[in-house]
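There are 2 protein chains.
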Amino acid sequence: MYVAKCKQGESFSEGKIIPYGDISISPCSGILKYGQGLFEGLKAHRTEDGRITLFRPDQNALRMQTGADRLCMIPPSVEQFVEAVKQTVPPPGEGALYIRPLLIGSGAVLGMASAPEYTFLIYVSPVGNYHKASSGLNLKVDHKYRRAHTGGAGGVKSCTNYSPVLKSLLEAKSLGFSDVLFLDAATGRNIEELCTCNIFIVKGNIVSTPPTLGTILPGITRKSISELARDFGYEVQERDVSVEELLEAEEVFCTGTAMVVKAVETVTFHDKKIKYMTGEGAMSTKLHLMLTNIQMGVVEDTKGWIVEMDGLLK
Amino acid sequence: MYVAKCKQGESFSEGKIIPYGDISISPCSGILKYGQGLFEGLKAHRTEDGRITLFRPDQNALRMQTGADRLCMIPPSVEQFVEAVKQTVPPPGEGALYIRPLLIGSGAVLGMASAPEYTFLIYVSPVGNYHKASSGLNLKVDHKYRRAHTGGAGGVKSCTNYSPVLKSLLEAKSLGFSDVLFLDAATGRNIEELCTCNIFIVKGNIVSTPPTLGTILPGITRKSISELARDFGYEVQERDVSVEELLEAEEVFCTGTAMVVKAVETVTFHDKKIKYMTGEGAMSTKLHLMLTNIQMGVVEDTKGWIVEMDGLLK
Numbered sequence: 002m003y004v005a006k007c008k009q010g011e012s013f014s015e016g017k018i019i020p021y022g023d024i025s026i027s028p029c030s031g032i033l034k035y036g037q038g039l040f041e042g043l044k045a046h047r048t049e050d051g052r053i054t055l056f057r058p059d060q061n062a063l064r065m066q067t068g069a070d071r072l073c074m075i076p077p078s079v080e081q082f083v084e085a086v087k088q089t090v091p092p093p094g095e096g097a098l099y100i101r102p103l104l105i106g107s108g109a110v111l112g113m114a115s116a117p118e119y120t121f122l123i124y125v126s127p128v129g130n131y132h133k134a135s136s137g138l139n140l141k142v143d144h145k146y147r148r149a150h151t152g153g154a155g156g157v158k159s160c161t162n163y164s165p166v167l168k169s170l171l172e173a174k175s176l177g178f179s180d181v182l183f184l185d186a187a188t189g190r191n192i193e194e195l196c197t198c199n200i201f202i203v204k205g206n207i208v209s210t211p212p213t214l215g216t217i218l219p220g221i222t223r224k225s226i227s228e229l230a231r232d233f234g235y236e237v238q239e240r241d242v243s244v245e246e247l248l249e250a251e252e253v254f255c256t257g258t259a260m261v262v263k264a265v266e267t268v269t270f271h272d273k274k275i276k277y278m279t280g281e282g283a284m285s286t287k288l289h290l291m292l293t294n295i296q297m298g299v300v301e302d303t304k305g306w307i308v309e310m311d312g313l314l315k
Numbered sequence: 002m003y004v005a006k007c008k009q010g011e012s013f014s015e016g017k018i019i020p021y022g023d024i025s026i027s028p029c030s031g032i033l034k035y036g037q038g039l040f041e042g043l044k045a046h047r048t049e050d051g052r053i054t055l056f057r058p059d060q061n062a063l064r065m066q067t068g069a070d071r072l073c074m075i076p077p078s079v080e081q082f083v084e085a086v087k088q089t090v091p092p093p094g095e096g097a098l099y100i101r102p103l104l105i106g107s108g109a110v111l112g113m114a115s116a117p118e119y120t121f122l123i124y125v126s127p128v129g130n131y132h133k134a135s136s137g138l139n140l141k142v143d144h145k146y147r148r149a150h151t152g153g154a155g156g157v158k159s160c161t162n163y164s165p166v167l168k169s170l171l172e173a174k175s176l177g178f179s180d181v182l183f184l185d186a187a188t189g190r191n192i193e194e195l196c197t198c199n200i201f202i203v204k205g206n207i208v209s210t211p212p213t214l215g216t217i218l219p220g221i222t223r224k225s226i227s228e229l230a231r232d233f234g235y236e237v238q239e240r241d242v243s244v245e246e247l248l249e250a251e252e253v254f255c256t257g258t259a260m261v262v263k264a265v266e267t268v269t270f271h272d273k274k275i276k277y278m279t280g281e282g283a284m285s286t287k288l289h290l291m292l293t294n295i296q297m298g299v300v301e302d303t304k305g306w307i308v309e310m311d312g313l314l315k
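If you're matching them up, the sequences are chains H and L in order.
So in the working numbering, spot 175 of the first sequence is number 176, and the numbers just go up one at a time.
So in the working numbering, spot 180 of the second sequence is number 181, and the numbers just go up one at a time.
Isolated chain H, as found in the complex:
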């Protein structure tokens, strides 16, 4: 794994690669006490012709910077971030990888303050299929818990957005659902996102997804899929999407780094269970194929999304 440290008031200098293992941290650190922690997730792909590529790592770097500003932390620069990611990816032949950058307030704080030291760390793990269901997702609309509120930190990839919705996820999984769909905290009338991915609804030629105004994570796959959908001739609208619209949609799908694009098979809202189009003819299938083809080098990347591992660092 890659580890770099930085004191408050300074900036990150070059980190180093050390064997993966436990890290040593103050019991009084900003992360343990006040939740000063951000993470990222991105994938390294092996292309058809054997090259190793990263998908839009600069976007993850920028999102970490936005998050660091929101939680009063010091982030690495975009260049440092991308170089550090490259250093953690093993040479071709060792399989597909999920890359997990982490930025934590590692310095000890007593009263409420931003930590005096930050640790930027990256570790990697083999990619599994995040949602085990091989067919579409079966979602439950949550009527009790809310993920985020305006004026909160729901729009950054902060650790604080996850433990508060774990109970909702575990309850839904125990009932056989794949994941939970959260409604907005202000009105409870609009859909927001799942625990770990964004959502889109399709009706006719219009693809709609909730706007990223601070309560929804600005997914990099979400952004990429919006662009590809436009390329396919769909009209993509970023706007409030009501539960009523969700229930009347023809197709619903989710996006995230781990799953790429995944069709939603059913949504359960109170006692109502709605079934949506999935499979061969579905737009989600088309978008999933297009994006994975770009990531795997089957289709040419005309958008500059692919960063090739230059191998110089190995």
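Identical chains blur together in the list; that is why a pair holds if it fits in one copy or across any two.
The calculated EDC-like cross-link candidates involving lysine to aspartate or glutamate, where the alpha carbons are at most 20 angstroms apart (straight line), are:
id, residue 1, residue 2
1, 17, 80
2, 168, 118
3, 168, 70
4, 174, 70
5, 168, 11
Hints were generated in silico from the structure; no laboratory data involved.
A quick note: this is a predicted structure, and the numbers were derived from the prediction, not measured.
Since chain H is already given, all that's left is putting chain L on it; use the hints.
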């Protein structure tokens, strides 16, 4: 410091006292990634006649249990919690202490799940004056950030409630304020609490404080002060308190373990700066004296709030 570990599906057994120092934790742990962390704060007092006492430690233990349930963690039992606290308090003669229990998801998680291992840890530090201002607090009502929402985790002492409001606190401090007063996320019309303490307003014989319905931390000092205020003949109302009422109050004060009771000298709402009664004649002064007298053993504890260190564990 005291450290105990517990695997998912088991319960905490006896921990041990080790020298204070960094702890070793997986980069992949539930706390670092998903913010699965709770903390508590309580004080050990030296009474006038030299005994060492704890103030309502069972209440902290119960609050940690509520929080653990909310974040899908395993908590220690009330008895374990209180015994562990006793073990961390040094013998008489070493001064007043702030005791910091911590419960973290220390086991490694890959996808979103509750951690497979939990660490319960307690460390202590000498008590300082949390808010440096020796006179009353100067608060700024925040119009941008919100601390918590209904359906979130604002009602438990989770690390996830702190880093998202750090920016607000630092901005207010840079403008010379002592702390920030947050409004409710749903309407922005009612007051909730500060970054680290609860709030009360006084008008005539009525003392009002926002209700603990999931967005406000159920402070142990808050609860104790409500009871003492009733003993003094005030009517204590737990209900929504609007900004208008705050601006028209005669007296405003805050409660927390570190500060006990502290008068609010001014509240700044947009361009309006309201001044409140503080000093000798203020209710907050009377309540502060009463509670510290109970804690210090000057006044007899008729409520069973004081737990004496029996010394057997030393």
